[in-house]
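Q: Sequence:
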Amino acid sequence: MVRSMGIARIGIRRIVLLGVGSTHRFGIWLGHVRHPDTSHAIRHPDSGKIRRKSLGTGGWVGWVSAIVLRMSTLQHTRIASLLLGCILAPGVAAAGIPSAAGLILGYPLDADEEGKASPLAATTDDSAPPKSPWNVTLGAGLSYSQTDELTIGANINASLVRDDDDSKWTTTLKYVYNFDENEVKDNFGIIATNYERMFASNSKLLWFLRGSYQYNQTENYKTRIKAFGGLGYLASSTENLKLRISGGVGGSKDRNGSTAFIPRTTFGYSLNWAINSLTRLTSTTSIENDIKAYGDYLLVIEANLNVKVSEAQNLSLYVNVRDEYDSNPSEGDSWNQIWLTMGLSYAF
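Take numbering that gives the first Met the number 0: the last position of the sequence shown gets the number 347, and nothing is skipped along the way.
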């Protein structure tokens, strides 16, 4: 009977038992055996040659090179059969020696037999939340406008953008107010929304819907509503440069002047260019012709230069230019109006 036994290493050819003692009737002798008798070698009638060496007063340790077939009880026979089967079993024989990390922590360094990755293996950090498709920007600063004369005032602006792989929805608000010599020189505001969607994933063709409402105290039309829908094409869709060309139909309606609904076509482009990691230029141009009098048109051009203070911050400097041109203005309206705004914006 085995009194104590340490770690067993099972290989193809032999079993190594690290222990501290066994009786002389133990049925299988493989590995290191320490015998308390220091005056005699370990021998068995049916065993092969035994090599040994003296460890001084600590006893004798020998490498037993053969299997002792002598068994005194059925229990010993079963133990011998079990150990011999382990030697011959190919599945057990192929088992590798566990690593130090496996013995200490109980985990393999690589994937286990079921293909599950080990907690010790190098993994990417998937705990970071995915980037939100929503983006909000608020800005404020000075304005410089040209109506009947040059004036300087203030401006505020905001944008709400939802951008994913297949669609983009953008809503913007701009307000400019100039007051000089106890007189309102400019009181202009516009809210615009644009929705575009790809026909299929990774397609360059898209459809769009857009509309706007604007108020201008110094112009006779006072309020103007526009709505358009149509098709677009992504001429460039790289990470740094996105260029879209679009065309469609719709119309406009003014509160004063030519108050009838005017059907119009629209053609234009939108540009989004990341000049570098800190600087971005966006631009839109749209020409909106009167279908009944195609020579009459509205032209709207807008460009925005945005410069981040640093990559780690969402604070930016912006400069924006908007130009509205009417080829056939109503009485009391201007041919051309230009607004230049600049200031600080924060995105979150």
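A hint or two may mislead.
As the list claims (entries may be wrong) - Lysine to aspartate or glutamate pairs mimicking EDC-like chemistry, simulated, CA-CA at most 16 angstroms apart:
1. K221 / D325
2. K203 / D253
3. K203 / D179
4. K241 / D163
5. K221 / D295
6. K203 / D163
7. K252 / E310
8. K241 / D289
9. K241 / D162
10. K252 / E287
11. K241 / D164
12. K184 / D295
13. K130 / D164
14. K221 / D289
15. K252 / E301
16. K252 / D165
Quick caveat, the hints were computed from the structure, so don't treat them as lab data.
A quick note: this is a predicted structure, and the numbers were derived from the prediction, not measured.
Q: Which numbered conditions among the earlier hints are violated in the structure presented, ordered from lowest to highest?
A: 2, 3, 5, 7, 8, 12, 14, 15 and 16
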